[in-house]
Amino acid sequence: MIRLVAKRAGIAVVTLWLLVSAVFCLVRFTGDPSTMMEGASDPQYAAALRQRWGLDRPYVVQYGLYLRNLAEGDFGSSFQKGLPVTTLYFQSLPTSLVLGFSAFLISLAVGVPLGIVSALKVNTAWDRVGTAFALTGLSIPNFVVGLVLIILFGVELNWLPVMGAGDGPFDWRHLVLPAFALGWYFSGNMVRVTRSSMLDVLRSDYVRLVRIKGVPEWVVLVKHALVNALIPIVTLAGLNLIIMVNVAVPIEVVFGRPGIGTLLFDGMMNRDFPLVQGVVLMIAIMVLILNLLTDFLYAWLDPRIRVG
Amino acid sequence: MADAVAVDNPPRRRLLPRLTSLPWIPLVFLSLLIVGAVFAPLIAPHRPLDPVAVTAAQCKAAYGQAFDGCYIKDDPPFFIAGSIAKTLLGTDYLGRDIFSRLLYGARISLFVSLVGTTFAGVLGTALGLIAGYMGPIWQQIIMRLTDAWLTLPPLIFAILLSTIRGPGIGNIVIILAVVFWCGYTRLVYAEVLSLRQRDFVLLAEINGVSRFRIMRRHLLPNVLNTVVVYFTLIVGVAIIIESILSFLGVGVPPPEPSWGLMIAQERDGLLEGKWWLVAWPGLAIMILVLSANMLGDWLRVRLDPHFQGP
Numbered sequence: 001m002i003r004l005v006a007k008r009a010g011i012a013v014v015t016l017w018l019l020v021s022a023v024f025c026l027v028r029f030t031g032d033p034s035t036m037m038e039g040a041s042d043p044q045y046a047a048a049l050r051q052r053w054g055l056d057r058p059y060v061v062q063y064g065l066y067l068r069n070l071a072e073g074d075f076g077s078s079f080q081k082g083l084p085v086t087t088l089y090f091q092s093l094p095t096s097l098v099l100g101f102s103a104f105l106i107s108l109a110v111g112v113p114l115g116i117v118s119a120l121k122v123n124t125a126w127d128r129v130g131t132a133f134a135l136t137g138l139s140i141p142n143f144v145v146g147l148v149l150i151i152l153f154g155v156e157l158n159w160l161p162v163m164g165a166g167d168g169p170f171d172w173r174h175l176v177l178p179a180f181a182l183g184w185y186f187s188g189n190m191v192r193v194t195r196s197s198m199l200d201v202l203r204s205d206y207v208r209l210v211r212i213k214g215v216p217e218w219v220v221l222v223k224h225a226l227v228n229a230l231i232p233i234v235t236l237a238g239l240n241l242i243i244m245v246n247v248a249v250p251i252e253v254v255f256g257r258p259g260i261g262t263l264l265f266d267g268m269m270n271r272d273f274p275l276v277q278g279v280v281l282m283i284a285i286m287v288l289i290l291n292l293l294t295d296f297l298y299a300w301l302d303p304r305i306r307v308g
Numbered sequence: 309m310a311d312a313v314a315v316d317n318p319p320r321r322r323l324l325p326r327l328t329s330l331p332w333i334p335l336v337f338l339s340l341l342i343v344g345a346v347f348a349p350l351i352a353p354h355r356p357l358d359p360v361a362v363t364a365a366q367c368k369a370a371y372g373q374a375f376d377g378c379y380i381k382d383d384p385p386f387f388i389a390g391s392i393a394k395t396l397l398g399t400d401y402l403g404r405d406i407f408s409r410l411l412y413g414a415r416i417s418l419f420v421s422l423v424g425t426t427f428a429g430v431l432g433t434a435l436g437l438i439a440g441y442m443g444p445i446w447q448q449i450i451m452r453l454t455d456a457w458l459t460l461p462p463l464i465f466a467i468l469l470s471t472i473r474g475p476g477i478g479n480i481v482i483i484l485a486v487v488f489w490c491g492y493t494r495l496v497y498a499e500v501l502s503l504r505q506r507d508f509v510l511l512a513e514i515n516g517v518s519r520f521r522i523m524r525r526h527l528l529p530n531v532l533n534t535v536v537v538y539f540t541l542i543v544g545v546a547i548i549i550e551s552i553l554s555f556l557g558v559g560v561p562p563p564e565p566s567w568g569l570m571i572a573q574e575r576d577g578l579l580e581g582k583w584w585l586v587a588w589p590g591l592a593i594m595i596l597v598l599s600a601n602m603l604g605d606w607l608r609v610r611l612d613p614h615f616q617g618p
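Respectively, the protein sequence lines represent chains V and Y.
Residues in the first sequence are numbered from 1 upward in steps of one, following our numbering.
Residues in the second sequence are numbered from 309 upward in steps of one, following our numbering.
Same shape as in the complex, but just chain V:
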């Protein structure tokens, strides 16, 4: 187990280094961020900007400084807000996490039952309804769902507020609509994962054995099939949550929720290049850490992985 942890951690470090290097190269070779700022047509101002961001130095020096700063936990400072990126990121994280978690619960509540029904009634009308629901959820951009919900519940029915986060991240009246708009997309994924893993389990030998022993069908389904079919969903929960926080950018923008997506969007609109780069790197690191933890969790749950 220790060897596995060390090996995976080593790979993760290499991956991280490659990733930050790739971001560095892409940023340097695809365009000059200083030309994106307002007032960059003034050559003196542009030169000052380049000096401030260190873009006037040789690439090797830039790269060294960049790696050193990252190693020290310095992800740069927002040009516009004058605050370190990490501060801004952790300020926005709770709002995004609450949204992501609510959307995750919704996708579980909708997707898992549909997936189970699809698997039990495979190749029937039920199955087709489930699959169609999943495909539709995956096919509509989530900002369109968000806007439709705004028109329906915010403007026409006037039941729920549509802008901002209200009294903090937990204000449910501001949370319901964005969480549903985000959750639908992932419930489509849930239907697919639940359906295929449930089908696998139902065809396995131990379910056949339990059935042969004469256990009532509902006990087979709930105690033996479902519990096992849920393992991939539960182990991937953390990763799903992070992905959810990240694809929530358009949803947060549509509903004006002050989360990470809005932070990224603000940075983009203000051409605040250090902010965007810093937030993207923070996101990448979070995904990497969660990937690593998921690997360990799998290895801990399943001894076969530990050996292999």
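In case anyone wonders, no lab produced these hints; they're calculated from the structure.
Some hints could be false.
Here are the computed distance ranges between Cβ atoms for each label pair [stated by the list, open to error]:
(1) V:G238 to Y:T426: 31 to 41 Å
(2) Y:I333 to V:A109: 24 to 34 Å
(3) Y:A361 to V:G82: 48 to 58 Å
(4) V:R203 to Y:I333: 27 to 37 Å
(5) Y:S329 to V:T136: 18 to 28 Å
(6) Y:F347 to V:A132: 23 to 33 Å
(7) V:R203 to Y:V343: 51 to 61 Å
(8) Y:G443 to V:K7: 40 to 50 Å
In this text, all values refer to a predicted model and were calculated from it rather than measured experimentally.
Positions of the beta carbon are idealized from the N, C-alpha and C atoms, including for glycine.
Given the coordinates of chain V, work out where chain Y should sit on it, guided by the hints.
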């Protein structure tokens, strides 16, 4: 495994089951969209970038007086009471015909997503072949890079790149290619690892065929099925990413009629309850992506045994 049985039937009985088992719904929708996009200048009733011309009487009905350069803003579709310009799907905030803009928007969405994912496919397939066949050094370099690339969520990556490059149709194509190559590489690489052990590759090696030629003549044709299936599955994602980038204002620049941009520009009218401003572009995106996904699912079952689910 009903599919395999149908394929093994003698040729005479093959045509009819084949035709009836084709995915007609997505094929019809996709053909309509492609025809609409290609022949947009012929089909579109109005110009996509100019307001719909109105008569003095229509202008008077809308604003109480007639004046030069008059256009009807946010006009509902012809079937809704209160429509003045009587256009098919209504007009947008600058009085432009939404139906015509949708047709021209289909051009942009199809072009950007197809070209972007094709570039990604070419790049990713080439790298996957090299990583799988050219030896451990290439394998380590390319696959570690692929892992790093896969770590970033595509949307976040696209936002980073578009912040640097700014809006533009060409930029989105580049961004899609840069973001999506790694998925192809991973799939092709896994495929090549098993293919290179097979007899036909070993025989070619014994005969002294060059490595480049083996990759091109022996490996590439065998991974193409996987690549095509992945292509159809990723096109839907690419269309959604394009619409999101355009919606956020870093995709297709105005006044070009991109579907995502059309929705973004109508947010004010939307809050006044003018649903049709968002409904049509939203529906267009949904139909396009849904058709692409359904076609991809169908192809996946047909072409690729690896993907064959239960």
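Could you check the structure against the hints above and give me the numbers of any it violates, in ascending order? 7 and 8
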